[in-house]
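Kindly produce the complete structure, drawing on both the sequences and the hints.
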Amino acid sequence: MSNREKLKKLILDVFLLDESEFSFELQRAQVDTWDSLGVVSLAVGVHQTFGYHFTPEEATSIQSVADVIKLLETKGISFDA
Amino acid sequence: MSALLDAPPYGPRDEAALLREAVELTRKHLAGCRDYAAIWPDFSGAESLEGLPYLHVGLFKRIAFRTEGVKHQRVLLSSATTSGTSSQVALDEVSAQLQAKSSLAILKDFVGEGKRPLVVIDDAASLRQRGQVSARVAAALSLLPLATTTTFLLKGEEPQWSLVGDAVRAEPAFFVYGFTWALWKRWAQGGIPPSLKELLAHKQIHFVHSGGWKKLEAEAVSREALDGALLSGTAAGSRVIDFYGLVEQNGVIFPLCEAGARHVPRWATVIIRDPWTMKPAEPGQQGLLQFINVLAHGAPYHSVLTEDLGSLLPGPCPCGRSGPRFTLHGRVPKAELRGCANV
Amino acid sequence: MSELDAFEGPWGVTGIASAVRPSEVAGAWSALREAMVRELPDAFTRDEWAYLIQFLERGALLSFVEAAFGRFVGGRSAGFSRLATGRKTVTLVLPNNVSLLGPLMLAVATLSAERVFVKVGSRGDDVVQPFLDFAKRHAPPALKAVLARVDAQRLEREHPTLKSWLGASDVRVAFGSDAAVKAVEASAHPATSRFLGFGDMYSEAWLAGAVSDDVLDTLIKVFAIYGQAGCTSPRRVVLLDGTAGDLQPLGERLSARWPQVMRRQVPMHIASQNVLHAQVCRHAGVEVSLTPGHGAVLVRAPLATPVPSGPMTLVLSAAPLASAVKALPANIQTLGLSVGARLAEVVAAASQTNARRVVPLGRMHHFGPVWDGNLLPAVFFDVMECSA
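Protein chains in written order, with this note's numbering: chain A, 491 to 571; chain B, 11 to 353; chain C, 876 to 1263.
Keep in mind the hints are simulated off the structure, nothing from the lab.
Beta carbons: idealized from backbone N, C-alpha and C, even for Gly.
Keep in mind that the hints are not guaranteed to be accurate.
[Claimed, not checked] Keeping only pairs whose Cα atoms sit at most 25 Å apart, straight-line, the calculated SDA-like set for lysine to any residue is: (1) B:Lys71 to C:Ala1159; (2) B:Lys111 to B:Ala157; (3) B:Lys118 to B:Gly21; (4) B:Lys289 to C:Glu1162.
[Unchecked claim] Listed next, the stretches of chain B that the computed footprint assigns to chain C, with coverage defined by at least 3 CB atoms under 8 Å from CB atoms of chain C: (5) 39-49; (6) 68-78; (7) 286-300; (8) 338-344.
Next comes the structure, spelled out in C-alpha cells:
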C-alpha cells in the first residue's frame, strides 16, 4: 500500500468518513469530527502508521490533508503518486 | 375574585378573560413587588399568555417574593429537596380563598361531591407550625372541605390503626391522603392489622396521593404495583388518584385522569417551553412546563417556569374533560458539573 | 546495580531507584492511547478525552519527572550523582465532581508510587472510575501491571477504609472544598507523610490589546468546559485596556461566537439553570444576557459589584491593571492571559499577587509538574545525594 493510500485509510478511520467524503483537498473546517479529539487521534494514527510523532503545535496547526502530507514530507516521508 | 372560578374547571374556556386577568395580575405584582419588577422591568402588556413574564421556580428558593396591597397570612414551604432548601410562597387571604375553591372544584370533578371521612398518612403535629405550612399539609388541607372527619394515621412514627377503624367503621366510603411514598410505605406496606383489613374489604376507598416517585423508583415500585397494592382488599369502586402540584402553583392541582392525562382548569394554563430557546413547543414536543393561573395575589407565583418536563397532548381527551392537557415526564435530568468541588 | 531510569540535569545524573520505573509506566500508559483514539467512553466529552490522550503520551508523562531531575537519558547502572526513590504509598482523595484532574493526578502518581489508593466520589458523575474501567478493559500487559497497583473505591469521606489508607500513606493528595481538604489533612497519618491539598480556588482571565475572534473562541472553550465549577476556569474576564462601554459589544461578540465554538447543545438542566441564573442576576441589578441555546450567562459588572455565582455565569469587567490586581481574591489560583504587548508588565504585576499560575488563556486548565505552587516530583520522590 502506498503512503497516499495509507494516509487516506487513516483519515477515513480517524474522522469516521465514507470514501465519498474523502479527497486529498479535504479541509479541517469541512469535517465535523476534526475537533480536539480528531486532532489527537490523527497524531496517534500518524505515529502508528508512519512512525513520526507530531509535536502538539504541529498537530494543532494542521488545517487540511495537504498540510499532513506537507509536514510528513519535511520529515522524509514521501507521498509521491 | 376571578369569575373564571364560577364555572366547572374543565368546561368551556374563556381564553380572552384568562389573558385579561393574567395581565392585570402581572401588572399588580410588578407594581407591588420590587423583587419581581427588578427581574421584569420592561413588561408593557401581552397579547397572548405565552407573552407573560415568568419566574423560574428556583427563584422561590432564593427570594421571598411578597406583593404589597394584600393581607398576608402564612408562608407555604415546599418539602425538603435534594438541595436542602425549601421554596417559599407567601400566602394571603384572597389567594387562600381562591386556591381552596380551585382545588375543591378540581377534586370534586375526580372524586364526586359526596363527603366522607378523611384519613391522612401523617402526624397531626405537622399541622401545628406557626406562620408556615408545609406542602404536604397544604395538599391534605385541600381535601378538608370534602371530609366529614379527619384522622391522622401517625403519632410520631407509630401508626394508630385503631383510630382509622373507629373513623371509618360506620361509613361505606372514605378518603386516604398521603405523599406517594408515605402511602406505599405506611399503608400498602404498613402492616394493617387483620381485623382492620377485614373491615376495609367492605369499604370504597379513594386513595389520593401527590409528591414524587423518586423513592418508589429507587425500590423499583411501578405505578401499577402501587395501585394494585392499595386497591387489593377494598370494595368495588375504590380508586387511586395521583395528583401533581407544586407549592409555587398552590391551589391548582393536576390529577391524572382515566386516560392518563393531566388537565388544566379554565382559570389556568400550561405552556411547554423549549429549554434552549424558551419558545413555546408544539403538541407532542417535550419541554419545560410553565404554569399560569389567576389565583396568586400574595406574590408573583401566578406564572412559573418549572424544572419539570412535559408535553401537550393533541385532540380531545377520551375522559371527556376539555381544555389543554399534558403528560408529565418527570424532573429535568440533572448531572453535576465537573470541577474541583469548589462551588 | 541493575539499570535505573536516568535523568540528566546541570547537577549531574539522577537515577530513579524505585521498584517502579517511570519510563516503563509512561510507556504503558502511552500504549493505551491506541485504544483511546478508537473509543470514547460516555463519561467523557470529546475535548476531555482528547486532552487525556495527549497527556498520557510517554514524553508528556515523563516531563513530570524531568521537571525535577532533568532530561530523560535512558537506562544506566552507574555514574549517578543523586538517587531518587518514589514514595511508596499514595492516597488520592477526589470529590464527587472531580474534573480531569482526577485521572491526570492518578497517572502521575503511578509514575513513582508502588501502591495508589483512590477515593472516588461516592456519588455523581465521576470520571476516574470510567477511566480505570476503560484502562482495565484495554490494557496492554505492561499497563495491567500498573493498574494492579491501583485500588480505587467509591467511599464516603468518613469511611474506615479511607482512614486506613491515609494512615499508611507516604503522600496524601486531596481535592475538594477547603473544609474537605482540611479534614483529610487532619486524618491520622505517618509522621513523615507529605500532604498536597487543593481546596477552594478562583481563576480569572485578563485580556488586553485587540481582542480577536481567536481569543474569544479560546475564552469560550476554556470557560465552557467546567463553568464556575472548575478551579482553573475563569469566573471573570477583565478587559485591561477597556471601559465599561466596551463590555456590551464584547458580550455581543461572545454571544455570536458561542454556538459556533460550542456546537453541541448544553444539557437541558444547564439551559434551565442558566435561565434561572439570568433572572437571579437581573434581580441583583447587574446587566445580564444569555448566550444562544442558553449555554452561558454573561454578566457585565464593575469589579466591585458582587455578582451572584451560577454554574455557567461568566462575568465581564473592564478595569485598569492596578485595579484588577487589587480586586483579586486571596484564593486566586490561575490567571489566564491574552494581553499582547503588555505581557511583561502584566506578568510583573501578577507576580505580586497570590496567583499560583499565570499562563496563556488557552492553557488555563493544563496540568503540569508545577501545580498550585508545588513541584509535584518533589512531593512524590525522596532524593539521596550520592556524589561520593
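Verdict on chain C covering the segment 68-78 of chain B, where coverage means 3 or more residues with a C-beta closer than 8 Å: holds (count 4)
Agreement of B:Lys111 and B:Ala157 with the hint, judged by alpha carbon distance not exceeding 25 Å: Answer holds: B:Lys111 to B:Ala157 is near 15 Å, not above 25 Å.
Given pair status - B:Gly21, B:Lys118, alpha carbons within 25 Å: 14 Å, holds
Verdict on chain C covering the segment 286-300 of chain B, criterion of 3 CB contacts below 8 Å: Result for this restraint: holds, n = 4.
25 Å Cα cutoff - pair B:Lys71, C:Ala1159: Distance ~15 Å between B:Lys71 and C:Ala1159 Cα, so the pair holds.
Coverage of the segment 338-344 of chain B by chain C, judged on three or more residues with CB within 8 Å: holds (count 3)
Chain C covers the segment 39-49 of chain B, three or more CB atoms within 8 Å, holds or violated: That given contact holds, which follows from 3 residues of the segment 39-49 of chain B lying within Cβ reach (below 8 Å) of chain C.
Pair hint outcome, B:Lys289 versus C:Glu1162 [Cα-Cα no greater than 25 Å]: 22 Å, holds
Checked against the numbered hints listed earlier, the structure breaks none of them; every hint is satisfied.
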